[in-house]
Amino acid sequence: MKTVDCLGDMCPIPIIKTRKALKKTEPGETIKVITDHSCVLEAIKSNFKKCNITHEEVINGIWEISITKN
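All letters in the sequence shown, in the order written, are residues 1 to 70 by full-length UniProt numbering.
If you're looking for bench data, these hints aren't it; they were derived computationally from the structure. There may be inaccurate statements among the hints.
Here are the computed lysine-lysine pairs in the DSS-like style, where the Cα-Cα straight-line distance is at most 30 Å [what the hints assert, rightly or not]:
(1) K45 to K17
(2) K50 to K69
(3) K32 to K50
(4) K17 to K50
(5) K23 to K69
(6) K69 to K2
(7) K49 to K32
(8) K24 to K50
(9) K20 to K32
(10) K45 to K24
(11) K24 to K2
(12) K69 to K17
(13) K23 to K45
(14) K49 to K24
(15) K23 to K50
(16) K2 to K50
(17) K20 to K69
(18) K2 to K20
(19) K32 to K2
(20) K20 to K50
(21) K17 to K49
(22) K24 to K69
(23) K2 to K45
Quick list of the computed label-pair ranges, beta carbon to beta carbon [to be verified]:
(24) E64 to R19: 16 to 26 Å
(25) P27 to N60: 26 to 36 Å
(26) K45 to L7: 12 to 22 Å
(27) E26 to N60: 25 to 35 Å
(28) K24 to N60: 13 to 23 Å
(29) G61 to P27: 26 to 36 Å
(30) K23 to N60: 24 to 34 Å
(31) G61 to E26: 27 to 37 Å
(32) E57 to M10: 14 to 24 Å
(33) D5 to N60: 12 to 22 Å
(34) G28 to N60: 24 to 34 Å
All residues carry an ideal CB built from backbone N, CA and C; glycine is no exception.
My request is simple: use the sequences and hints to build the entire structure.
The following block contains the structure:
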């Protein structure tokens, strides 16, 4: 699983990093995005609607977002 570290990044940087990672990903593969901004979670949900997205707040204020390419 590829990991995209977006800690400290503000939009649109996490979206750009995620888009680049997804281009290098085959259908069925998953990438994990780590962020400390809740707005990134909402932006990812709205920008990657064709992908399967799950998320978890692993530490207070830190989210791990799993994106599986269809």
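Hints versus structure:
At roughly 15 Å between alpha-carbon atoms, K45 and K17 fall within 30 Å of each other, so this suggested pair holds. Between the alpha carbons of K50 and K69 the distance comes to roughly 8 Å, so the proposed pair stays at or under 30 Å and holds. Of the supplied pair hints, the one linking K32 and K50 holds, its CA atoms being roughly 16 Å apart against a limit of 30 Å. Between K17 and K50, the direct Cα distance comes to roughly 17 Å. Compliance with the 30 Å bound is thereby established for this hinted pair.
A C-alpha spacing of about 9 Å is found between K23 and K69, which places the hinted pair at or below 30 Å, so the restraint holds. Between the alpha carbons of K69 and K2 the distance comes to roughly 12 Å, so the proposed pair stays at or under 30 Å and holds. Between K49 and K32 the alpha-carbon distance is near 16 Å, which keeps this suggested pair within the 30 Å criterion. Using a Cα cut-off of 30 Å, the hinted pair K24 and K50 holds, with the two alpha carbons roughly 16 Å apart.
Distance hint between K20 and K32 is fulfilled; the C-alpha atoms sit about 13 Å from each other, no more than 30 Å. For the hint pairing K45 with K24, the CA-to-CA distance comes to about 19 Å; that is within 30 Å, so the pair holds. Among the hinted pairs, K24 with K2 is consistent with the structure: their alpha-carbon atoms are about 10 Å apart, no more than 30 Å. For the given pair, K69 sits about 15 Å from K17 by alpha-carbon distance, which is consistent with the 30 Å threshold.
The suggested pairing of K23 with K45 holds, with an alpha-carbon distance near 17 Å, which does not exceed 30 Å. Of the pairs offered as hints, the one joining K49 and K24 holds, with about 18 Å between alpha carbons and a cut-off of 30 Å not exceeded. Of the supplied pair hints, the one linking K23 and K50 holds, its CA atoms being roughly 13 Å apart against a limit of 30 Å. Among the hinted pairs, K2 with K50 is consistent with the structure: their alpha-carbon atoms are about 19 Å apart, no more than 30 Å.
In summary, the hint linking K20 to K69 is supported, as the alpha carbons are separated by about 13 Å, within the 30 Å threshold. Under the criterion of a C-alpha separation no larger than 30 Å, the hint pairing K2 with K20 is consistent with the structure, at around 12 Å. Distance check on the hinted pair: K32 and K2 sit about 6 Å apart at the alpha-carbon level, within 30 Å; holds. In summary, the hint linking K20 to K50 is supported, as the alpha carbons are separated by about 16 Å, within the 30 Å threshold.
Annotation: proposed proximity of K17 to K49 holds, straight-line Cα distance about 16 Å (limit 30 Å). Only pairs whose Cα atoms come within 30 Å are accepted, and K24 paired with K69 is accepted, the gap being roughly 10 Å. About 18 Å separates the Cα atoms of K2 and K45, which keeps this hinted pair within 30 Å; it holds. For the hinted restraint 16 to 26 Å between E64 and R19, the CB-CB distance of approximately 18 Å keeps it satisfied.
With their beta carbons about 34 Å apart, P27 and N60 fall inside the hinted range of 26 to 36 Å. Against the hinted window of 12 to 22 Å, the Cβ-Cβ separation of K45 and L7 comes to about 19 Å, which satisfies the hint. With their beta carbons about 34 Å apart, E26 and N60 fall inside the hinted range of 25 to 35 Å. Between K24 and N60 the Cβ separation comes to about 31 Å, which falls outside the hinted range of 13 to 23 Å.
Taken as a hint, the range 26 to 36 Å holds for the pair G61 and P27, whose Cβ atoms sit roughly 32 Å apart. For K23 and N60, the Cβ-Cβ distance of about 32 Å falls inside the hinted range of 24 to 34 Å, so the restraint holds. One distance hint, 27 to 37 Å for the beta-carbon pair G61 and E26, holds here, with the actual separation near 32 Å. The hint said 14 to 24 Å for the Cβ distance between E57 and M10, and at roughly 19 Å that hint holds.
Evaluation of the 12 to 22 Å hint for D5 and N60 yields a pass: the beta carbon distance comes to about 18 Å. Checked against the hint of 24 to 34 Å, the pair G28 and N60 passes, with Cβ atoms roughly 32 Å apart.
Violated hint: 28 only; the structure is consistent with all others.
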